[in-house]
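Listed below are the residues making up each chain.
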Amino acid sequence: MKNPLESVAGTIISGLILTVVLVFFLKNFLA
Amino acid sequence: MEALMPGIARWLHVIFGITWIGLLYYFNLVQMAALKDAGADGTAAGITKHVAPRALFYFRWAAVGTWLAGAWLLGAGFVDAFLLRNGMEGIGIGAWLGTIMLINVWHFIWPNQKKILGMVPATDEVKAKARRVAMLASRTNMMLSIPMLFFMANGLSHRAALGL
Numbered sequence: 001m002k003n004p005l006e007s008v009a010g011t012i013i014s015g016l017i018l019t020v021v022l023v024f025f026l027k028n029f030l031a
Numbered sequence: 001m002e003a004l005m006p007g008i009a010r011w012l013h014v015i016f017g018i019t020w021i022g023l024l025y026y027f028n029l030v031q032m033a034a035l036k037d038a039g040a041d042g043t044a045a046g047i048t049k050h051v052a053p054r055a056l057f058y059f060r061w062a063a064v065g066t067w068l069a070g071a072w073l074l075g076a077g078f079v080d081a082f083l084l085r086n087g088m089e090g091i092g093i094g095a096w097l098g099t100i101m102l103i104n105v106w107h108f109i110w111p112n113q114k115k116i117l118g119m120v121p122a123t124d125e126v127k128a129k130a131r132r133v134a135m136l137a138s139r140t141n142m143m144l145s146i147p148m149l150f151f152m153a154n155g156l157s158h159r160a161a162l163g164l
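For the record, the sequence lines run as chains A and B.
Each residue of the first sequence is one higher than the one before, starting from 1 at the first, in the working numbering.
Each residue of the second sequence is one higher than the one before, starting from 1 at the first, in the working numbering.
Wrong hints could be hidden among the right ones.
Unchecked claim - Far from chain A by the CB rule (all over 10 angstroms, computed), these chain B residues: (1) G65; (2) W72; (3) L117; (4) I146.
What the hints assert, rightly or not - To be clear about the criterion: a stretch of chain B counts as covered by chain A if any three or more of its residues have a C-beta under 8 angstroms from a C-beta of chain A, and this derived list gives those stretches: (5) 85 to 98; (6) 130 to 143; (7) 147 to 161.
These aren't lab readings, by the way, just hints derived from the structure by calculation.
As the structure is a prediction and not an experimental result, all values here were calculated from the model.
Ideal Cβ placement from N, Cα and C applies to all residues, glycine included.
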């Protein structure tokens, strides 16, 4: 599989996915 | 005067932050693609000699300024933010992401850029490896900036807006 960070689009999509994962983590395991 | 301090810290945090992340986006959205095209027509030196060193100077020191102003702004909440507790969980995630990005700038991007731009001696093989590491470190920071900005904007003063 191609590294998503090779492209700008892949980088932005990875950042958006990471945002959702971290919000889920915050709401379910921290706050 | 003491009452003004958090406002001044926030103001500086935003000014330094815009400079840092603005240049990060410039590198990723403009310079990387421009260097590829400029390399093909032999005009890359204009960027590597005159633009990149100046951009990197403001980039790496703005990163330090952003972190220091952020730490000042957190004040007494600094430890709670980094330990993700006592209502500082959201801003703490933002602070951790920003800290990882600062380390990335000084430990991976800047040392490798010095090799690429000829500021330190490096063979062509070392330069090729440095180019790859610097590119991936820069892209990693661009990726991390997306959740970092989300938690900076919504993690503390406006957390109720999204129920964080």
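Looking back at the numbered hints, which does the structure fail to meet, lowest number first? Structure breaks hint 4 only.
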